[in-house]
Every structure is written in structure tokens, then in C-alpha cells.
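The task is simple: from the sequences and hints, build the whole structure.
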Amino acid sequence: MKPADFNLGDSNLFGGNPDHPVRSYPKFILWGIGEATDGSLLFYLWMLVLTGIALVGANAWAVQVHDGMIVTNMTDHVSWGLYIANFTFMVGVAAGGVMMVIPAYLYHDKKMHDVVILGEILAIAAIVMCLLFVTVDLGRPERFWHLIPGIGRFNWPLSMLTWDVIVLNGYLLLNLHICGYLMYMRFLGCKPNPRWYVPFVMVSIFWAISIHTVTAFLYCGLGGRPFWNTALLAPRFLASAFVAGPALILILFEVLRVTANLKVDDGPIRVLLSIVRVTVLVNLLMVVSEVFTEFYTGGSHTASARYLFFGLHGHRALVPWIWTAVVLNVVAAAMFLLPVVITNHYVRVAACTMALVGAWIEKGMGLVVPGFIPSTLHEIVEYSPSLIEWKISAGIWALGLMILTVLTKLAIVVFQRPLAQHESEMSSH
Amino acid sequence: MFLSGIVQLITPQNSAAREVSLPSRSPPTVKSPVNHATRSGISTLTTLTTAALVAVALVTAWHVSWMWDARLATEGSGSSHQSGATSALPRQERRDDHRSGDRHGPVFPIEIRHPQGDLGILVSHPHDETAVRVACATCHATRQPDLSNRATADLTEFHQMTVVDHGSISCLSCHHPEDYGAFRLADGQQLAYRDVMQLCAQCHSQQKRDYDHGVHGGMIGHWDRQFGPQYKHNCIDCHAPHQPKFPAMQATFKPQDRFLAPPRNSRPHSPGH
Amino acid sequence: MTNPRRSEENDQVGSEATEGRSRSTQLPIVNQSGSSRRTALKIAGAALGLVAFGRAVAPMWSIPENISIAEFLQRHYKELTDEDKQEIFQRLASETKTRYGADVTIVDHRPIPGVKFAYAINLSKCNGNGKCMEACHRENNHHRGTNQSYIRVLEMTKGSLDMEHGTSTYDHPTPQPDKYYMPVQCQQCDNPPCVTVCPVEATWKEEDGIVVVDYNWCIGCRYCEAACPYHARRFNWEAVEIPAAEINPEQGYLSNRIRPQGTMEKCHFCLHRTRQGRLPACLEACPTGARVFGDINDPESSINYVLKNKRVFVLKEELGTRPSFFYFFD
Numbered sequence: 001m002k003p004a005d006f007n008l009g010d011s012n013l014f015g016g017n018p019d020h021p022v023r024s025y026p027k028f029i030l031w032g033i034g035e036a037t038d039g040s041l042l043f044y045l046w047m048l049v050l051t052g053i054a055l056v057g058a059n060a061w062a063v064q065v066h067d068g069m070i071v072t073n074m075t076d077h078v079s080w081g082l083y084i085a086n087f088t089f090m091v092g093v094a095a096g097g098v099m100m101v102i103p104a105y106l107y108h109d110k111k112m113h114d115v116v117i118l119g120e121i122l123a124i125a126a127i128v129m130c131l132l133f134v135t136v137d138l139g140r141p142e143r144f145w146h147l148i149p150g151i152g153r154f155n156w157p158l159s160m161l162t163w164d165v166i167v168l169n170g171y172l173l174l175n176l177h178i179c180g181y182l183m184y185m186r187f188l189g190c191k192p193n194p195r196w197y198v199p200f201v202m203v204s205i206f207w208a209i210s211i212h213t214v215t216a217f218l219y220c221g222l223g224g225r226p227f228w229n230t231a232l233l234a235p236r237f238l239a240s241a242f243v244a245g246p247a248l249i250l251i252l253f254e255v256l257r258v259t260a261n262l263k264v265d266d267g268p269i270r271v272l273l274s275i276v277r278v279t280v281l282v283n284l285l286m287v288v289s290e291v292f293t294e295f296y297t298g299g300s301h302t303a304s305a306r307y308l309f310f311g312l313h314g315h316r317a318l319v320p321w322i323w324t325a326v327v328l329n330v331v332a333a334a335m336f337l338l339p340v341v342i343t344n345h346y347v348r349v350a351a352c353t354m355a356l357v358g359a360w361i362e363k364g365m366g367l368v369v370p371g372f373i374p375s376t377l378h379e380i381v382e383y384s385p386s387l388i389e390w391k392i393s394a395g396i397w398a399l400g401l402m403i404l405t406v407l408t409k410l411a412i413v414v415f416q417r418p419l420a421q422h423e424s425e426m427s428s429h
Numbered sequence: 001m002f003l004s005g006i007v008q009l010i011t012p013q014n015s016a017a018r019e020v021s022l023p024s025r026s027p028p029t030v031k032s033p034v035n036h037a038t039r040s041g042i043s044t045l046t047t048l049t050t051a052a053l054v055a056v057a058l059v060t061a062w063h064v065s066w067m068w069d070a071r072l073a074t075e076g077s078g079s080s081h082q083s084g085a086t087s088a089l090p091r092q093e094r095r096d097d098h099r100s101g102d103r104h105g106p107v108f109p110i111e112i113r114h115p116q117g118d119l120g121i122l123v124s125h126p127h128d129e130t131a132v133r134v135a136c137a138t139c140h141a142t143r144q145p146d147l148s149n150r151a152t153a154d155l156t157e158f159h160q161m162t163v164v165d166h167g168s169i170s171c172l173s174c175h176h177p178e179d180y181g182a183f184r185l186a187d188g189q190q191l192a193y194r195d196v197m198q199l200c201a202q203c204h205s206q207q208k209r210d211y212d213h214g215v216h217g218g219m220i221g222h223w224d225r226q227f228g229p230q231y232k233h234n235c236i237d238c239h240a241p242h243q244p245k246f247p248a249m250q251a252t253f254k255p256q257d258r259f260l261a262p263p264r265n266s267r268p269h270s271p272g273h
Numbered sequence: 001m002t003n004p005r006r007s008e009e010n011d012q013v014g015s016e017a018t019e020g021r022s023r024s025t026q027l028p029i030v031n032q033s034g035s036s037r038r039t040a041l042k043i044a045g046a047a048l049g050l051v052a053f054g055r056a057v058a059p060m061w062s063i064p065e066n067i068s069i070a071e072f073l074q075r076h077y078k079e080l081t082d083e084d085k086q087e088i089f090q091r092l093a094s095e096t097k098t099r100y101g102a103d104v105t106i107v108d109h110r111p112i113p114g115v116k117f118a119y120a121i122n123l124s125k126c127n128g129n130g131k132c133m134e135a136c137h138r139e140n141n142h143h144r145g146t147n148q149s150y151i152r153v154l155e156m157t158k159g160s161l162d163m164e165h166g167t168s169t170y171d172h173p174t175p176q177p178d179k180y181y182m183p184v185q186c187q188q189c190d191n192p193p194c195v196t197v198c199p200v201e202a203t204w205k206e207e208d209g210i211v212v213v214d215y216n217w218c219i220g221c222r223y224c225e226a227a228c229p230y231h232a233r234r235f236n237w238e239a240v241e242i243p244a245a246e247i248n249p250e251q252g253y254l255s256n257r258i259r260p261q262g263t264m265e266k267c268h269f270c271l272h273r274t275r276q277g278r279l280p281a282c283l284e285a286c287p288t289g290a291r292v293f294g295d296i297n298d299p300e301s302s303i304n305y306v307l308k309n310k311r312v313f314v315l316k317e318e319l320g321t322r323p324s325f326f327y328f329f330d
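Chains as they are written, first to last, in the numbering used here: chain A, 1 to 429; chain B, 1 to 273; chain C, 1 to 330.
Since the hints were made in silico from the structure, they are not lab data. None of these values were measured; they are calculated from a predicted model. C-beta atoms are modelled at their ideal positions from N, C-alpha and C, and glycine is treated no differently. Worth double-checking, as some hints may not be accurate.
[As the list claims (entries may be wrong)] In silico BS3-like cross-links for lysine-lysine, where the CA-CA straight-line distance does not exceed 25 Å:
hint	chain 1	residue 1	chain 2	residue 2
1	C	Lys-205	C	Lys-42
2	A	Lys-27	C	Lys-42
3	B	Lys-208	C	Lys-316
4	C	Lys-205	C	Lys-316
5	B	Lys-208	B	Lys-254
6	C	Lys-158	C	Lys-42
7	C	Lys-310	B	Lys-245
8	C	Lys-78	B	Lys-245
9	C	Lys-78	C	Lys-158
10	C	Lys-310	B	Lys-208
11	C	Lys-78	B	Lys-254
[Said to hold, decoys possible] A few chain A residues that don't get close to chain B, going by computed Cβ distances all over 10 Å:
hint	residue
12	Pro-194
13	Leu-281
14	Trp-321
15	Val-381
16	Val-413
[Stated by the list, open to error] To spell it out: a stretch of chain C is covered by chain B in this simulated footprint if at least three of its residues, at any positions, have a beta carbon under 8 Å from a beta carbon of chain B; those stretches are:
hint	segment
17	40 to 53
18	143 to 154
19	211 to 222
20	276 to 286
This is the structure in C-alpha cells:
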């Protein structure tokens with residue numbers, strides 16, 4: 001690697017004193033908490049609402065732990081529901097952040113480099129949500145320690161779930177390190193030492209691919225579930241992740257433009273849009289080829305697909321969901337192809353929201369749930385989430401948004417303060 | 001359960017299970033311990049000496065097994081083994097036998113419930129309509145059989161209402177014309193009521209063969225008779241002799257999973273759907 | 001990188017560090033504490049939030065009473081010594097006494113050396129009467145509310161092995177003329193997908209072929225339930241309810257003891273019976289004699305008679321699960 005590659009502003013500033021950062025990092029975090037919790041009335045209102053929702057979720061979870069999973073609408077037939085659906089989607093969002101990292105670090109897109117921290121922050125929030133969604137899905141959450149290698153019994157490498165535990169926690173640590181290091185260095189006004197973050201960034205690129213691939217393997221390795229048992233699942237997951245992640249970041253840009261008056265350069269927006277433009281089509285193509293294979297072949301293995309798209313033997317609970325997703329995805333794909341999506345904020349946010357909701361349905365109600373319907377004995381038990389499930393999921397979303405808000409706020413503060421001079425320098429280049 | 005309380009020890013000469021199990025078990029008695037010995041680690045010993053030792057052990061085991069069965073065969077005529085589940089060797093001892101790899105050491109018997117009493121028929125009591133069992137010999141001891149009668153419809157006095165749905169056989173295919181308390185085998189031999197299985201087996205040899213191998217008629221007790229005996233029905237416990245087809249039943253216990261749809265047969269769908 | 005460059009860097013690093021340190025002291029760490037009113041408000045808000053959180057999760061506070069420290073810290077079954085087991089079994093028995101009012105004995109039944117169990121069902125005989133389900137329900141101390149059992153009997157359409165044409169909720173006299181009946185329970189696969197996917201090794205296959213669950217180790221992720229192609233696994237969605245009089249007091253740690261809420265369970269071939277030479281409860285209950293159970297390692301066993309003489313098949317053979325559970329026709 002050429003040192004110049006990572007040289008943003010002036011090449012005089014390199015690395016940090018190895019002693020200095022370690023000693024005062026806790027101080028930085030303390031300062032960060034203070035700074036990130038300062039804000040306008042709107043900010044406090046926003047956080048208050050999120051806190052309220054998170055508390056409702058916490059209460060619902062407590063009820064679920066106490067009364068048992070019977071308070072959910074999951075059954076022995078549909079044994080995974082809204083939680084795992086959200087988990088799958090959030091893994092995608094976390095992985096999607098890498099679509100900012102690749103242009104920034106592999107293609108040295110300087111403008112992207114300025115905002116890449118947002119992608120990494122999004123990954124942190126998303127992974128925390130993933131871990132929470134898995135935790136609330138456990139029947140015995142207090143036995144989580146059985147999963148800790150060394151103390152418990154970790155069925156690695158056989159169980160794909162153990163792989164997921166490794167890659168998700170690893171990705172969280174990687175991004176925590178990268179974000180923490182970059183922000184701290186910027187806080188100190190130092191030029192970050194590439195040695196301390198570039199290798200991690202490179203690893204995190206592959207890691208991002210791996211978290212979603214492993215999550216797809218979780219499903220597609222199950223021979224007893226023909227709906228999931230397809231080699232196309234991992235590519236499909238990645239494609240929809242690279243729709244959902246960038247779409248969420250584009251929405252985030254717009255939110256920041258309005259609330260924090262943060263003007264993101266057109267460059268990164270164009271890059272992200274062109275990525276989504278392609279991935280949304282690739283995703284649709286893969287969905288179409290899946291659907292074709294299922295329906296043209298026919299046979300009993302297509303029962304889940306038939307149930308999902310058209311209903312089976314009078315059961316059609318998921319039909320509205322999937323057609324909503326199909327319409328949203330197709331319309332979003334069309335909108336992304338229009339040039340107006342670059343110039344018009346509203347069109348862009350609308351397209352991103354549609355793509356995001358479309359991906360959410362497609363991966364949750366459109367993939368996790370129909371895998372269980374009909375059951376392996378071809379019994380049809382339908383599923384729609386219970387109120388408790390919605391509450392808990394909303395609570396986790398609220399918590400995730402809180403983390404995203406606080407970290408984004410911190411990043412803006414950190415990057416705006418000492419960066420002022422860098423930016424002026426850079427613009428003079 | 002429907003088999004409970006059936007403890008009737010077989011007699012040696014009539015024992016359907018014994019007749020089959022004794023000869024069929026003897027040859028593998030020599031073979032199968034090798035398997036088990038092999039599995040328990042003796043496969044590592046490959047010298048002739050070991051082979052010889054194993055051979056001696058096998059012969060001993062076979063001998064013990066034979067002795068044990070012989071002892072049961074002679075003792076079994078009485079009721080001394082009616083509580084077979086708790087009789088014989090203490091459990092720990094049997095387990096040890098078992099673990100030594102000798103799966104064909106002393107075993108408990110297969111105990112078949114044989115028909116009790118005299119061959120008879122259920123008739124309604126004239127006063128209170130309750131069913132009363134009347135021995136065939138009550139009437140038939142004094143009546144001459146009419147060999148030309150082939151079906152209940154041919155009869156003029158009794159049994160007209162008896163529905164027989166058992167192939168094309170006639171009454172005297174099974175009932176003995178000279179002794180209505182007994183059966184008649186195809187070769188004319190008389191057969192006691194309690195040995196009815198032998199009668200059925202004449203035609204239903206496949207079922208009998210399955211039965212003798214524990215694959216027909218069900219059982220309770222032990223799959224491994226080194227731990228305890230096995231109790232089995234006879235043919236006419238489950239199959240009414242005149243209408244042997246197993247009766248229809250109504251499932252009374254159904255899963256009550258949440259959200260499980262109502263029976264699909266209420267809205268039938270074609271297989272081509 | 002060359003040496004001169006590196007030394008130059010080091011210089012820069014040094015100067016940068018001092019610059020950084022000086023700047024960090026200028027940074028608004030001090031300023032923050034200046035607005036003490038705001039900080040106090042924040043701390044108050046955080047405290048309020050914590051209290052609210054405590055209130056929100058209040059339903060969980062009763063749980064520590066239900067879960068003893070000993071249970072929380074209990075090791076995996078395979079790591080337990082005999083003394084550990086005795087202690088645990090006593091604890092479980094006394095818990096059963098407290099919660100259900102029944103005196104039970106819990107035993108650790110081990111496989112009989114050299115034995116490998118197999119099961120076969122005669123589809124020509126089974127008439128779908130469901131007695132096996134009922135027997136399983138009673139034998140294995142199942143939750144009474146849902147008629148839970150490890151067996152599901154499917155009414156299948158003759159001429160098809162496709163379970164799409166089957167139903168378990170039939171409610172009419174059986175057998176129907178155009179139907180046959182197929183009970184499905186754990187197939188005790190030799191290549192069990194449920195064991196492979198379990199992240200904590202809470203389920204495994206024992207030497208006699210029975211796939212067991214350590215109910216005190218299972219975390220309840222239900223991955224095995226998703227992986228099983230035979231719908232053989234059941235989750236304890238709620239605490240088991242069962243009248244004391246109906247509790248089967250002869251219990252095995254890995255089999256029919258009352259399962260804790262939030263864990264998986266499955267058919268274990270009644271190992272508390274079969275490992276003592278007895279027949280499984282479902283077999284004894286079958287009025288049609290359709291069920292055959294035995295040791296597949298014994299060439300003279302009834303199960304081997306079936307395999308050698310009948311038209312045998314296994315369910316979903318194409319999945320490569322290699323079941324120890326066979327179906328046959330006469």
C-alpha cells in the first residue's frame with residue numbers, strides 16, 4: 001500500500017503517539033457521551049420518543065421471558081418469525097454499509113471517504129440490533145453463556161449459527177475499532193495512522209460479505225426446507241443487502257441535511273445511487289429466476305412459493321405482503337433509473353424508502369416465514385406476528401435508531417470541529 | 001392398555017412362539033455373539049488362541065441358553081411363571097450377562113394369551129338382553145351335523161343371523177363336526193380351542209410367520225427378553241373369527257396445536273391441485 | 001519504507017502527539033462541565049431512564065426465584081460427574097415436587113452396549129387411530145394444554161407419498177377406503193441435521209442411535225426445529241401444565257422428565273424404558289400391531305426380519321439423513 005493512498009489532507013500528519021491515545025480514550029468517550037447527548041429540543045423529543053418505544057419493547061420482552069414464547073404467535077410449525085426476519089434484514093443493512101467502504105478505501109473516492117464513517121456507524125447500530133433480535137428469539141436467554149467459546153460448548157465449525165456468532169461479533173468489534181479509532185484521532189486532531197485502521201477496513205470489507213453469506217448459509221444449508229435450500233440464497237441476500245444498506249444511508253443523508261444542516265457532497269450520493277441502481281436490478285433478476293425455477297418446475301417443492309405468491313389451499317396470509325414487496329421493488333427499481341432521483345430529494349427518499357421496505361418484506365415475511373409454510377409434514381399453519389412481537393421489534397428498532405443517532409451526532413461533532421481546516425485545505429487542492 | 005393383565009404361560013407342546021423361537025434362535029446363537037464380541041473390542045485379538053477361547057465361550061453360552069430354555073419348557077406348564085416380569089434372575093445379574101456381549105443368554109419367554117374356557121358363542125340373554133357366552137357343545141353335543149350346510153343362510157334354526165365374512169370357507173372348514181368344542185385342521189385332525197392360532201396359520205401362514213417374528217399383532221413387555229418377558233395376543237383377540245377384518249376406529253386424541261387449520265378433508269382438494 | 005522516511009515520520013509523530021495532547025486539553029471536555037445545570041439534567045434524565053427500564057422489565061424479576069443458581073451454572077450433561085448428576089437429579093425431583101406436587105425419581109439411563117435401536121411401522125396395518133400419540137402424551141409427561149406428543153399421524157392419499165396430500169387433523173372413523181395412515185416421529189437419523197446445527201451441542205446422538213436433548217443446556221434458539229425435515233422437534237412455548245396424578249414418576253434425565261419452559265424436546269424412543277429392555281410406550285399402545293421395535297445389531301431381531309423380508313422405505317431418503325426409522329408394507 002502506498003502511504004499516499006490514505007493521505008487525506010496534509011501529509012505531515014501521520015499516526016499518533018502510542019501512549020497518548022490509550023490513556024485518554026475513556027476521557028474521549030466520556031466527552032463523547034456528553035457531546036452526543038447535547039442537542040436541540042427536537043433532538044430531545046426524538047430521543048424521548050425512541051426511549052419510550054424502547055421501554056415498551058423492554059417491557060414486552062420481560063413479559064415474554066416470564067410467560068414463555070407462547071406470547072408470540074410462533075408455533076412448532078413456524079418456529080421463527082418476526083425476530084429472525086428482522087435479524088436477517090439487519091444483517092443485510094450492516095453488510096450494506098460496506099458499499100461506502102469499498103469506494104472510499106479501494107477506489108480512493110475522497111468525497112466518499114469523508115462520509116464513510118456514517119456507513120460504519122450504521123453497521124454498528126445494525127449489528128447491535130441483530131444481536132438483540134437473536135437474543136429476544138432465545139427461549140432461555142439467561143443461558144447465553146453456553147454460546148461463549150471456552151466457558152460453554154461452542155459447536156464450531158459444524159453449526160452455522162456459531163459461524164454467525166463469530167462473524168457478527170467480529171464485525172461489530174471491527175467497526176467499533178475503526179469508528180472509535182478514526183473519531184478519536186480526529187478528536188485529537190491527529191492524522192490516523194493507516195497501520196491501525198486500514199488493515200481492519202480491508203478485513204471488514206470481506207467480513208461484511210461474510211456476515212451476510214453466513215446468514216444465508218444458515219438457511220440454505222437446511223435440506224429439509226426446499227424453499228431455502230437454494231444456492232442462489234447467499235447472492236440474493238447480498239444483492240438485497242446492497243440495496244437496503246445504501247438506501248438507508250441515502251435516507252440518512254437526507255435526514256442529516258434537514259436536521260443537522262449537513263450538506264453531503266453529490267459525489268457519494270451519486271456513487272451510492274449508481275450502486276443501488278444496479279443491485280436493485282440484480283436482486284430483482286435473482287428473484288425472477290428463483291420464481292421461474294419454482295413455478296416452471298412445479299412439484300411439491302414449490303409449495304412454499306405457491307403459498308407465498310398465490311396462497312395454498314385457501315391459506316393466503318402472506319400474499320399481500322409479497323405482492324407489496326414486489327410492487328415496491330419494481331417501482332423503486334424504475335425510480336432509481338430516472339435521472340430525477342439525483343436532483344430531487346423527495347423522489348430519492350421515496351425510492352430509497354420503497355426499496356428499503358421492499359427488501360424488509362422480501363427477507364422477512366417473504367423468505368423466513370414461508371420457509372416454514374407448509375411445514376416439513378406439509379401442514380399449513382399460518383403466522384402473523386403478535387402484539388408482543390411487534391412491541392419487542394419496535395423496541396429494538398428504537399434502540400438501534402438511538403445508537404445510530406448518538407453515534408452520528410458524535411461523528412458530526414468530531415468531524416466538523418477539527419476538520420474545518422482540513423476541508424479548507426482539501427478544497428484548495 | 002388392551003393387553004394388560006394378559007399373563008398366560010404357554011405350554012411347551014402348543015407354544016407357537018416357542019416352536020419358532022427355539023430352532024430359529026439356535027444357529028445364530030453361535031454367530032451373533034461374534035458380532036457383539038467384535039463390537040466390544042475383541043476384534044483386535046486375531047490369534048488362533050483367542051479364536052479358540054471365543055469358540056469355547058460361544059459353546060458355553062449356547063449351552064447355557066439351551067439349558068435355560070429347556071428348564072423353562074419343563075417348568076412352564078404350571079402357573080409358576082405367571083409373574084414372569086419379576087421372576088428368574090435378579091436384574092443386575094441379567095445386565096451383566098448382557099454386557100458380556102452374550103445377547104442370547106438366558107431369556108424370558110414370549111407369553112401368548114391363549115383363548116380361555118370352551119369354544120362358544122355370545123347370545124343375548126332372553127330377559128335382560130345381556131350377552132351370555134354359551135359353549136357350542138351345549139347344543140351340538142346332541143345334534144347330528146349336516147355336512148351339506150355351507151353358510152349360515154343354509155341353516156334353519158340357529159345362527160342365521162351370524163354374519164360370516166371370511167372368504168369362501170364353510171362352517172366345518174374350521175369347526176369339528178364330531179366335537180364342537182374343538183377345531184378341525186385341514187387334514188382332519190382335531191385341535192383344541194386354546195390352540196386356535198394353529199388353525200388360522202393353515203391359511204394365513206404369512207401372518208403367522210410375521211407374528212412369530214414379532215412383526216404382527218403387537219406386544220407389550222420387553223423387546224429384550226433378557227430383561228423380562230414379552231406378552232402377545234392370539235389371532236382371535238384382534239380378529240373376530242367370523243369377520244376377521246380389523247374394525248374401523250375413531251381417533252379420540254388429536255393434536256391441538258395453535259393455529260392449526262380445521263381438517264382439510266372438509267374442503268377436499270384434488271391431487272392435481 | 002526507507003529509514004530516513006521513517007525517522008522523519010517519527011519526528012512528525014512526536015510533534016503531532018504533543019500537538020494532539022495540547023489540543024485535547026483545549027477541547028471542550030472542560031467546557032462541558034461548565035454547563036453543570038445541563039449535565040445535572042442529563043444525569044437526572046439517565047437516572048429516570050434507568051428507573052423506567054427497571055420498571056419495564058419488572059415481569060422478569062420473579063425469574064430468579066424460579067431459576068436457582070445451581071441450575072443457571074449447571075454444566076453440560078457430558079461434563080457432569082456421577083455426583084453432579086445425583087445432586088442435579090435430586091434438585092430436579094424436588095423442584096417437580098414443589099411445582100407439580102408429584103414424587104418422581106429421575107434416573108440417568110445409559111445405552112446398552114452393543115445395541116442400536118431401530119423402529120419400523122407397517123403402513124398396511126396402521127389405521128390412524130392415534131393411540132400411539134395418546135400413549136406418548138401420557139408416558140412422556142407432555143404439556144396437557146395442547147395434546148402435545150412426539151408423534152403426528154398423517155392421513156395420506158393412496159397412490160401418493162406426497163405429504164401435501166396428507167392431513168393430521170382428520171376427524172372421522174378410520175381407516176377411510178382411499179387413505180392410508182403414516183405416523184411420523186423422530187427418525188433418529190444417523191446423519192441428524194438437528195445435531196449438526198445446534199450451536200451449543202445441547203443435542204447429540206448416543207451410541208444406541210437415540211438423539212437426545214440436554215434440556216438444561218438448550219438455549220431455545222429453535223435452529224434444530226428449522227433443520228429437522230420430519231417435524232420431530234417440539235418447543236416448550238410455555239411452562240408445562242400437568243396434574244400431579246397424571247405425572248409419570250419414572251423419569252429419565254434425557255427423556256421424559258418434565259421439560260423446562262423455553263427448551264426443545266423430541267422423541268427419544270422412550271429411552272427410560274427401552275434402555276431397560278422394555279418396549280416403547282407407543283408400540284405397546286398400538287392396537288393394530290403396526291409398530292416394530294428392536295436392536296438392529298441383532299440379526300435375529302424383529303426389526304431385521306422386517307428389513308430383510310418386507311418392502312421397506314425411509315422418509316425423505318433423498319435428504320441423506322439416514323433414518324433409523326423405517327416404513328414398510330406387507
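Results for each hint:
With a C-alpha separation of about 55 Å, the suggested pairing of Lys-205(C) with Lys-42(C) is violated against the 25 Å cut-off. Note on Lys-27(A) and Lys-42(C): the hinted pairing holds, with a Cα-Cα distance of about 18 Å set against a maximum of 25 Å. A C-alpha spacing of about 31 Å is found between Lys-208(B) and Lys-316(C), which places the hinted pair above 25 Å, so the restraint is violated. Among the hinted pairs, Lys-205(C) with Lys-316(C) is consistent with the structure: their alpha-carbon atoms are about 20 Å apart, no more than 25 Å.
At roughly 33 Å between alpha-carbon atoms, Lys-208(B) and Lys-254(B) are farther apart than 25 Å, so this suggested pair is violated. This hinted pair does not check out: Lys-158(C) and Lys-42(C) have alpha carbons roughly 72 Å apart, beyond 25 Å. This hinted pair checks out: Lys-310(C) and Lys-245(B) have alpha carbons roughly 21 Å apart, not beyond 25 Å. A distance of roughly 50 Å separates the Cα atoms of Lys-78(C) and Lys-245(B); the hinted pair therefore is violated under the 25 Å criterion.
This hinted pair does not check out: Lys-78(C) and Lys-158(C) have alpha carbons roughly 45 Å apart, beyond 25 Å. The straight-line distance between the Cα atoms of Lys-310(C) and Lys-208(B) is roughly 15 Å, inside the 25 Å bound, and the hint therefore holds. With a C-alpha separation of about 36 Å, the suggested pairing of Lys-78(C) with Lys-254(B) is violated against the 25 Å cut-off. For Pro-194(A), the non-interface assignment is confirmed: its Cβ lies about 56 Å from the closest Cβ of chain B, beyond the 10 Å cut-off.
Against chain B, the non-interface label of Leu-281(A) holds: every CB pair exceeds 10 Å, the least being about 35 Å. Listed as a non-interface residue, Trp-321(A) keeps its Cβ farther than 10 Å from every Cβ of chain B; the least gap is roughly 17 Å. Against the 10 Å criterion, Val-381(A) falls within the reach of chain B, whose nearest CB is about 5 Å from its own CB. With a closest Cβ-Cβ approach of about 50 Å to chain B, Val-413(A) is found to remain outside the 10 Å limit, as its non-interface label requires.
For the segment 40 to 53 of chain C, the assignment as covered by chain B is violated, since 0 residues bring a beta-carbon within under 8 Å of that chain's beta-carbons and 3 are needed. Restraint check on the segment 143 to 154 of chain C versus chain B: 7 residues with Cβ-Cβ distances below 8 Å, three needed, restraint holds. For the segment 211 to 222 of chain C, the stated coverage by chain B is not satisfied: 0 residues place a CB nearer than 8 Å to a CB of that chain, which falls below the threshold of 3. For the segment 276 to 286 of chain C, the stated coverage by chain B holds: 8 residues have a C-beta nearer than 8 Å to a C-beta of that chain, and at least 3 were required.
Checked against the numbered hints above, the structure breaks hints 1, 3, 5, 6, 8, 9, 11, 15, 17, 19 and satisfies the rest.
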